[in-house]
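Residue numbering for the sequence shown follows my numbering, beginning at 1 and increasing consecutively.
Please keep in mind that the hints were generated in silico from the structure rather than gathered at the bench. Each hint should be verified, as a subset may be incorrect.
[Unchecked claim] Below are the DMTMM-like pairs computed for lysine to aspartate or glutamate, each with C-alpha atoms no more than 25 Å apart in a straight line:
{"no.": "1", "residue 1": "K145", "residue 2": "D120"}
{"no.": "2", "residue 1": "K89", "residue 2": "E136"}
{"no.": "3", "residue 1": "K130", "residue 2": "D172"}
{"no.": "4", "residue 1": "K457", "residue 2": "E97"}
{"no.": "5", "residue 1": "K345", "residue 2": "E253"}
{"no.": "6", "residue 1": "K447", "residue 2": "E53"}
{"no.": "7", "residue 1": "K457", "residue 2": "D120"}
{"no.": "8", "residue 1": "K52", "residue 2": "D23"}
{"no.": "9", "residue 1": "K34", "residue 2": "D462"}
{"no.": "10", "residue 1": "K447", "residue 2": "D172"}
{"no.": "11", "residue 1": "K447", "residue 2": "E393"}
{"no.": "12", "residue 1": "K444", "residue 2": "D23"}
{"no.": "13", "residue 1": "K402", "residue 2": "D361"}
{"no.": "14", "residue 1": "K89", "residue 2": "E138"}
{"no.": "15", "residue 1": "K130", "residue 2": "D462"}
{"no.": "16", "residue 1": "K134", "residue 2": "D152"}
{"no.": "17", "residue 1": "K444", "residue 2": "D112"}
{"no.": "18", "residue 1": "K182", "residue 2": "D119"}
{"no.": "19", "residue 1": "K34", "residue 2": "E333"}
{"no.": "20", "residue 1": "K95", "residue 2": "E114"}
{"no.": "21", "residue 1": "K296", "residue 2": "D203"}
{"no.": "22", "residue 1": "K444", "residue 2": "E114"}
{"no.": "23", "residue 1": "K64", "residue 2": "E53"}
{"no.": "24", "residue 1": "K32", "residue 2": "D462"}
{"no.": "25", "residue 1": "K444", "residue 2": "E53"}
{"no.": "26", "residue 1": "K475", "residue 2": "E136"}
{"no.": "27", "residue 1": "K130", "residue 2": "E114"}
{"no.": "28", "residue 1": "K52", "residue 2": "E65"}
{"no.": "29", "residue 1": "K447", "residue 2": "D152"}
{"no.": "30", "residue 1": "K345", "residue 2": "E333"}
{"no.": "31", "residue 1": "K89", "residue 2": "E102"}
{"no.": "32", "residue 1": "K32", "residue 2": "E326"}
{"no.": "33", "residue 1": "K444", "residue 2": "D152"}
{"no.": "34", "residue 1": "K52", "residue 2": "D112"}
{"no.": "35", "residue 1": "K134", "residue 2": "E97"}
In this text, all values refer to a predicted model and were calculated from it rather than measured experimentally.
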Amino acid sequence: EAYSDALGNNVSDAPFPGVEIVDRYTYRVILKTKYPQFVYWLAMPFFSPMPKEAINFYSQPALKERNITIDRFPVGTGPYRIETLVPYKEIVLVKNENFRVERYPSNGAPGDREAGLLDDAWNIVPFMPKVVYKLEKEYIPRWNKFLQGYYDSSGISSDTFDSAIAFDDTGDPRASELLQAKNIVLRTSVSPTTIYLGFNMQDDVIGGYTADKQKLRQAISIALDYEEYIEIFLNGRGVISQSPIPPGIFGYEEGEIGINPYVYNWDAQTGRAVRKSLEEARQLLTEAGYPDGLDKDGNPLVVYFDNAWTSAGATPRLAWMRRRFEQLGITMENRTTDYNRFRDKVQNANFQIISWGWHADYPDAENFMFLLYGPNGRAKFGGENTANYDNPEYNRLFEQMKNMENSPERLEIIRQMKRVLQQDAPWVFTYHPVSFGLSHQWVKNSKPSPLGGNTLKYLRVDAPLRAQHRAAWNKPVTWPLWAFFGVLILGTIPAVITVWKRERGTETSRRAL
């Protein structure tokens, strides 16, 4: 903000210490301390080069008052530029004729070459001359248009999941026979996102760091069966989380070493984690001072769940949560408010339990573990630590880990941090979402990239193949028209015969006369 205030309306006016211009296309950034994650920051949108003339132009107050801003009329250096922008309706991108020479990658992950993802190696990108995005407010028409070939790719809603997805003998998802008949390809990927229920660690009932408070939160963590939740509400599109770190990020570990031992047991025979029983959760609740969900005075334990879940779909989810709490003898009171009120509650630590989440800014454990770093507390410091968790041991380990390169030593520190979190249980670790994407066979070089926002330039569309299938799948249905004419003709035959007989009878009478 200070830099922005000093900037005024001219980007050349303000000093920018720590940055040196090397030449027209190069600048040097000087950091005060080691920070390996900075290389990821350089790839984030706010580091995109912007022409100072454009920034100065769109900074004019007269334009701002009319909502004419650089985010609506961007000027950048990417492979595409906006040709048409109709808010809430359509965006049309066309190839940037001034884009630098950039070539398709020549190497990739294991299996990419076999999948044909490197067939365009060294070819100049982008491939598509135009890209059209349309907003379809109703999902069913959008889905039908995708099946007809009028959209190249699609997600999958709950309404169409059963018709789009089947499961093989191992439980892995695959495209249904309907989609396979059209050679539609299913691609799945685990999102670098963690969804959690956060306990307010400053709350007198649900917060705190003593053993009894830990056991209360551990009992709740066991009772909230998110395997069941994923099956009921997400069509199986989720991976159970054991810590803040999602799959694909250094520090995530599968197998016995990766489980949360306070919520799961490891079944060596099946090689999988098994959620602890409700009996174990009830025992923890008793040790926490709430036998059968009752406090020392015999009053039922009541906890409050604050949220901004105002959609109709929230009702069954809240009912599910309430039922899971009741199995411990705990009463869950729902407190749904509008988002502004809910945000204020979180900001001021005026809650007991909330649902929250975080999507990776960059692929590093620090970007998830900082969510529970004490000096990032939301109430005291306005940070992203919404649970207001502040454990000195965790803070010490985080400060030691955050600027390290990935290494066995760093992994061991991350393990220690996870064990501290799992014992304290400031979160109910719920799940990491799994995204399902569909694309037609004519879409080439498509591969899920949950963090990359620059993959459009790699896509190629076989337009003749698309046109061929569109024509085959959308032939005019003419038989109703022919049937109509057939019925019409058949219906007129008796009338024609009647008229013919009448005319013939009249002619015979004339001859007799």
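Compare the distance between the alpha carbons of K457 and E97 with 25 Å, and conclude whether the hinted pair is satisfied.
Holds, because 13 Å separates the two Cα atoms, which is no more than 25 Å.
Do the alpha carbons of K444 and E53 lie within 25 Å of each other, as the hint requires?
violated, 37 Å
Hinted pair, alpha-carbon criterion (25 Å max): K444, D112. Please report holds or violated.
holds, 12 Å
Does D462 lie within 25 Å of K130 when you go C-alpha to C-alpha?
Holds, at roughly 13 Å.
Checking one constraint from the list: CA of K134 to CA of D152, max 25 Å. Satisfied?
holds, 12 Å
Would you check the hint for K64 and E53, treating anything up to 25 Å between C-alpha atoms as holding?
Given that 25 Å is the threshold and the Cα spacing comes to 16 Å, the pair holds.
Would you mind confirming whether the straight-line C-alpha gap from K475 to E136 stays at or under 25 Å?
holds, 23 Å
Sort out whether D152 lies within 25 Å of K447, counting only the CA atoms.
holds, 14 Å
With the threshold set at 25 Å, check whether the alpha-carbon distance from K134 to E97 stays at or below it.
holds, 23 Å
Holds or violated: K182 and D119, Cα atoms, limit 25 Å.
OK: K182 and D119 at ~23 Å, within 25 Å.
Distance restraint between K345 and E253, which requires alpha-carbon spacing of 25 Å or less:
violated, 34 Å
Please verify whether K32 and E326 have alpha carbons no more than 25 Å apart.
Judged against 25 Å, a Cα distance of about 53 Å means the pair is violated.
Consistency note: the structure conflicts with the earlier hints numbered 1, 3, 5, 6, 9, 11, 12, 19, 20, 24, 25, 27, 31, 32 and 34.
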